[in-house]
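Here's the letter readout for the chains.
2 protein chains.
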Amino acid sequence: MTQDSVNRTLGIRPATAPSTALLTDHYELTMVDAALKDGTAQRECVFELFARKLPNDRRYGVSVGIGRALELLEHFRFSDAELQFLSDTKVVSPETVDWLANYRFSGSIRGYREGEVYFPQSPLLEVRSSFAEGVVLETLLLSVYNYDSAVASAAARMVSAADGRPLAEMGSRRTGERSAVAAARAAYIAGFAATSNLEAGRAWGVPTMGTAAHSWTLLHESEEEAFRSQVESLGVDTTLLVDTYDVEQGVRNAVAAAGTDLGGVRIDSGDLPVQVREVRDQLDDLGAVNTKITVTNDLDEFAIAALAASPVDSFGVGTSVVTGSGSVASGMVYKLVARKDARDNWVPVAKASPGKHSVGGLKFPVRRRDEGVASGELISVGGLPVGDDDDRPLYVDFVVDGEIDRQWIGPAGVTRAREHHAMAIAELPRTARRLGRGEPALATYYIDEHGNTSLA
Amino acid sequence: MTQDSVNRTLGIRPATAPSTALLTDHYELTMVDAALKDGTAQRECVFELFARKLPNDRRYGVSVGIGRALELLEHFRFSDAELQFLSDTKVVSPETVDWLANYRFSGSIRGYREGEVYFPQSPLLEVRSSFAEGVVLETLLLSVYNYDSAVASAAARMVSAADGRPLAEMGSRRTGERSAVAAARAAYIAGFAATSNLEAGRAWGVPTMGTAAHSWTLLHESEEEAFRSQVESLGVDTTLLVDTYDVEQGVRNAVAAAGTDLGGVRIDSGDLPVQVREVRDQLDDLGAVNTKITVTNDLDEFAIAALAASPVDSFGVGTSVVTGSGSVASGMVYKLVARKDARDNWVPVAKASPGKHSVGGLKFPVRRRDEGVASGELISVGGLPVGDDDDRPLYVDFVVDGEIDRQWIGPAGVTRAREHHAMAIAELPRTARRLGRGEPALATYYIDEHGNTSLA
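These protein sequence lines are chains U and E, in that order. Under full-length UniProt numbering, the letters of the first sequence match residues 1 to 456, in that order. Under full-length UniProt numbering, the letters of the second sequence match residues 1 to 456, in that order.
Just to be clear, a hint being listed does not mean it is correct.
Each pair may be met inside one copy or between any two copies, as identical chains are not told apart.
[As the list claims (entries may be wrong)] Here are the simulated DMTMM-like cross-link-like pairs (lysine to aspartate or glutamate), alpha carbons at most 25 Å apart as the crow flies: (1) K356 to D57; (2) K292 to E278; (3) K356 to E439; (4) K356 to E225; (5) K37 to E225; (6) K53 to D448; (7) K356 to E248; (8) K356 to D389; (9) K356 to D246.
By construction, these hints were calculated from the structure, which means they are not laboratory data.
Please put together the full structure from these sequences, using the hints given.
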């Protein structure tokens, strides 16, 4: 076993991973600069990451990102390259450069488990630290959560629409090259079976798959020659792409090349419900009754649902899953919700901007359940634990006093998140499966320290 | 000068940059595997990167990505970590692992300059190499081009709508953490003045900006205290965020804290046309006649255009620019368009899939111009040079026989791209500035070897 595969098994990233410290907005460091000067930098604060609403009036969202965020946090270090840049460009004063040189996050982070479903105002992440240590994480945490959760939230709906038939994520080419890896990971947590993205396989243990593109057929003198060569190389259980020229001829060539044991055919264009039916009949007529059909043409959750009665065996989804099916940013924000005052008491704080208000105070969220079925999102404001035996507390610790709990990272963290997601989805009421616009599947309630509840 | 700043000036990335070789779809390596077995791996091929149409019926697109792609190409090397993964998971045969271990792109790449405008079927990039060397670049090139060009295409319309007033990109938190850096770069090439993203400043020389968030105000006992502290730290020409609680009171507090020389105020919520007018009047009444107003509330090109008559001095744009303003994937594809036959002649190849056909053959594109104004996109199919003195050839060489032309990479490449973009936009007919849906500003024509032209 090489060191790399040992590392991979243990979920350890290479030490040469680049610094993530400048994946940060300029104003965060300007604030640190000013806070170091006026003495507020060390003030203890709580920042909260949440979404005011679900995109596109969906029924639920899926919180994904913490496993990646924790690894990026480990590399949130200002090395010479970063410090020199900040110094050369005078983004901050020399005193702040020195402070940044020693930056290590020493606070605590807790929140919703990766793969958990969420609703408007669900307090997905709580960062408790000095102002200066917490404020600089705003952009990095939001970038990860907003993108990864957008993909997972779309992917979960596709999994639901596919109703047990496997889905493969193959949209790497439709999103930034590193976002592609995150997308493959997020879709897998949300129930996809595999990805085309090799780096997601290497870094996160997501199963990878793929056989050939149209260029393979075009490279050869004829489609039949291309098919024969592919079968020779990959075996008869490969999947042949049959729509380069003419689908009917393509299916004939495929069975001629592989025989009736051919593993599968892939269709990447055309009017799918009609096409799939025709191909199934043709395969059956040719005796290839066990040959599977996979479709990959511009699918989203609605197109998948429309193929419910078609003899499709599996789906490949590209653009729509990596772009969050119309909502590529989840609309999550990171707000200061509480700070300590001079007498060391927590003071809830909130902004009042129209349409963008926040709810101050520490939170403690539980998933209310009645006989195992989720019935509400109950958030204690003030932070006191609430809920009865049936309810499920939603916070777990990710970082305690600067120490990252490593069970949440690496491939093992992905496996854990995928399992947790399946449980959280199974617990939702049936209305959650509706694809159309509507109300969230669960209402969010606040409960104050006197036990009074109100709708969020 | 440190080594790092020398490197930055020269546009050299750290040697420890991670491998990009697995930012690749599984099927590309499966094809290489099969092609090494059947002898087609060394067949000379031309792949073309292009878009069949413009997103959202826009008037033009902006091609951005080559500067990043060339740097990623330099790191497209299969090191031990990548090879071990491919070997462990049996994605390819041991012979192919050996071939990949020695992979260096030795072909040639030419295409549209970074920042160039494009139209449907514009052949943005031509990759000429052996099949095996070229096919493995498909996903990486498309990821970069699809995302970066989506951002640049949206950004260019915002720049046009802002009509001379400066724009800052501040959407890092609304896209994947590494895509954020690419987005800042792309928006800058398309004419934005600055970004909030610090890594874009360090890596690409994009000017960065920012002062404070709402958390800064909430951290302090009062808004006025927060403003006074900010002014003390950043000077009176800073920009104060005035909408945490009440805008009118915020403006009063701002001028009280900084005096009438206050640099600017920022408004991040509310009904902007009304709000901006009121704030301008209030600032003028308070004597702060030179204080600028910047707005940052969910702007896109349409919202910016709607503020044409408002006394806004600058715009900050977040979500919409980093998500391509409704089109986050540009729809670009990478297709095999020609290959050599056994007698070393080029054979044009094309797929015929409905709605997804491609045009075979080598291309040579020029921007047709009449008295300096662009009037058409003329593409010679077959690759013979066309065009008269007025026309502008669109291809430049990026890689020749494996050697990257370094003028296109690093911060210097970004500066070059930004200048080229400004020229290419200025050359377009006035119809290109229309924000509404419609026909491309230029029609695309093919011209064959006999001089016959046809609409694409």
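Against the structure, the hints come out as follows:
{"no.": "1", "hint": "K356 to D57", "result": "within (18 Å within a copy, 32 Å between copies)"}
{"no.": "2", "hint": "K292 to E278", "result": "within (13 Å within a copy, 65 Å between copies)"}
{"no.": "3", "hint": "K356 to E439", "result": "within (20 Å within a copy, 38 Å between copies)"}
{"no.": "4", "hint": "K356 to E225", "result": "between (61 Å within a copy, 23 Å between copies)"}
{"no.": "5", "hint": "K37 to E225", "result": "between (73 Å within a copy, 13 Å between copies)"}
{"no.": "6", "hint": "K53 to D448", "result": "within (21 Å within a copy, 54 Å between copies)"}
{"no.": "7", "hint": "K356 to E248", "result": "between (56 Å within a copy, 17 Å between copies)"}
{"no.": "8", "hint": "K356 to D389", "result": "neither (35 Å within a copy, 56 Å between copies)"}
{"no.": "9", "hint": "K356 to D246", "result": "between (54 Å within a copy, 13 Å between copies)"}
In this structure, the one hint that does not hold is number 8.
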